[in-house]
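Trainee: Sequence:
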Amino acid sequence: MGTVASFWLMGFSGIGESHSLIPPWFSVSNIPSLHPDDSQNSQKGFSPSIQTLVVTPDGVVYAGSFGMGLFRSQDKGKSWEPLNRGLTDPFLLCLAVIPGKHIYAGTMRGGIYRLELKGTTWESIGTGLHESEVKSFLVHQDVVYAGTGTGVYRWVEAEKQWVTVGAGLDRILVPGLAIMDDGKLLAATSGKGLFHLETQHSPPSTWVDSQSVFVDPRERLPHRYLRVIAVNEAQHIFLGTQDGGIFTSTDRGHSWSSLSRNLPNDSIRSIVPDHKDVIVATGNGIFRWKNDQQKWMDMNTGLTNLAIQSLTRSNAGELYAGTSSGAFRSQDGGAHWTNISQGLGIQLVPKGPYE
Numbered sequence: 001m002g003t004v005a006s007f008w009l010m011g012f013s014g015i016g017e018s019h020s021l022i023p024p025w026f027s028v029s030n031i032p033s034l035h036p037d038d039s040q041n042s043q044k045g046f047s048p049s050i051q052t053l054v055v056t057p058d059g060v061v062y063a064g065s066f067g068m069g070l071f072r073s074q075d076k077g078k079s080w081e082p083l084n085r086g087l088t089d090p091f092l093l094c095l096a097v098i099p100g101k102h103i104y105a106g107t108m109r110g111g112i113y114r115l116e117l118k119g120t121t122w123e124s125i126g127t128g129l130h131e132s133e134v135k136s137f138l139v140h141q142d143v144v145y146a147g148t149g150t151g152v153y154r155w156v157e158a159e160k161q162w163v164t165v166g167a168g169l170d171r172i173l174v175p176g177l178a179i180m181d182d183g184k185l186l187a188a189t190s191g192k193g194l195f196h197l198e199t200q201h202s203p204p205s206t207w208v209d210s211q212s213v214f215v216d217p218r219e220r221l222p223h224r225y226l227r228v229i230a231v232n233e234a235q236h237i238f239l240g241t242q243d244g245g246i247f248t249s250t251d252r253g254h255s256w257s258s259l260s261r262n263l264p265n266d267s268i269r270s271i272v273p274d275h276k277d278v279i280v281a282t283g284n285g286i287f288r289w290k291n292d293q294q295k296w297m298d299m300n301t302g303l304t305n306l307a308i309q310s311l312t313r314s315n316a317g318e319l320y321a322g323t324s325s326g327a328f329r330s331q332d333g334g335a336h337w338t339n340i341s342q343g344l345g346i347q348l349v350p351k352g353p354y355e
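If you're matching positions, the sequence shown starts at 1 in my numbering and goes up one per residue.
Quick caveat, the hints were computed from the structure, so don't treat them as lab data.
None of the values given here were measured: they were computed from a predicted structure.
One thing to keep in mind: the hints can contain errors.
What the hints assert, rightly or not - BS3-like mimics (lysine-lysine), calculated; alpha carbons at most 25 Å apart, straight line: (1) 101 / 118; (2) 184 / 276; (3) 76 / 101; (4) 276 / 290; (5) 101 / 160; (6) 76 / 118; (7) 192 / 160; (8) 184 / 118; (9) 276 / 295.
Can you build the whole structure from these sequences, using the hints too?
Mentor: Listed below in structure tokens is the structure:
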């Protein structure tokens with residue numbers, strides 16, 4: 001007979017609190033059987049899907065989960081603490097940090113929340129948004145931009161609200177944002193391709209202008225369903241698609257070429273430029289494009305879950321990967337990974353003896 005056990009599910013809504021963050025649809029019947037000697041479940045818990053990761057300049061790691069809210073680690077993932085007091089939507093899709101000030105969280109249906117880096121309680125700052133689903137953030141010179149299902153917004157601190165940036169994207173989902181060194185704002189959309197907004201002749205404080213219109217670049221980008229975007233130091237643009245691989249432009253978006261040949265998976269979840277190379281997180285692992293060799297290299301040693309949801313790099317060079325069940329860290333450029341999921345997610349407390 002199979003092993004049978006009963007468990008209490010423990011969720012946490014904030015420091016020092018134990019109110020449940022378990023979503024209503026979470027069913028105990030969906031939990032697989034556990035055995036005390038099961039090494040894969042040695043943490044006596046289930047780690048959530050880590051949809052977004054961000055690292056502050058001083059090395060503090062924030063992990064945004066899908067259904068369990070936000071977790072913070074001040075020791076490179078060795079331990080985690082939940083930070084969810086005041087966060088009414090625990091389904092996080094994106095994070096952004098203004099060093100020394102705030103962390104911003106974009107959610108699936110609750111808009112945007114903000115937390116002081118030394119604080120413990122979130123505040124909702126969704127005023128001005130026309131869409132509660134927030135897919136992406138961009139921080140430039142302490143200005144926060146948000147990509148939503150109704151275009152791009154900018155946070156105006158003096159007015160305590162979000163204002164629309166440009167025109168033409170009011171009904172378009174924007175899952176990725178980036179900015180060039182000349183101030184050109186790039187918006188990767190789902191279904192409409194890449195757009196850019198010329199802003200080099202105006203300071204950021206005056207970008208909210210009804211005459212500013214997002215312009216579709218040359219029709220050489222063959223894939224319109226985009227998911228992520230990144231720009232490296234050489235101003236090369238990288239675009240990750242939902243299921244069409246990755247494309248790059250070395251001439252600021254005027255022409256595009258595919259880097260997807262021999263890439264094992266075409267679902268691109270995150271892009272991390274690394275000098276002349278680029279590292280991508282996919283639905284089936286992490287890979288590095290070696291520019292000097294013109295080929296992809298596998299970077300999955302130590303990963304026990306290849307369904308990668310997010311990838312980021314710290315100022316010190318560590319890589320952090322979020323998967324569909326927990327997080328991993330690499331201290332050697334992705335050659336080897338260590339599971340750092342201890343403390344993430346739901347704690348399972350045995351209710352009675354195993355039978």
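Trainee: Hint by hint, note whether the structure agrees.
Mentor: Outcome of the hint check:
{"no.": "1", "hint": "101 / 118", "verdict": "holds, 8 Å"}
{"no.": "2", "hint": "184 / 276", "verdict": "holds, 22 Å"}
{"no.": "3", "hint": "76 / 101", "verdict": "holds, 20 Å"}
{"no.": "4", "hint": "276 / 290", "verdict": "holds, 8 Å"}
{"no.": "5", "hint": "101 / 160", "verdict": "holds, 16 Å"}
{"no.": "6", "hint": "76 / 118", "verdict": "holds, 18 Å"}
{"no.": "7", "hint": "192 / 160", "verdict": "violated, 30 Å"}
{"no.": "8", "hint": "184 / 118", "verdict": "violated, 33 Å"}
{"no.": "9", "hint": "276 / 295", "verdict": "holds, 13 Å"}
Checked against the numbered hints given earlier, the structure breaks hints 7, 8 and satisfies all the rest.
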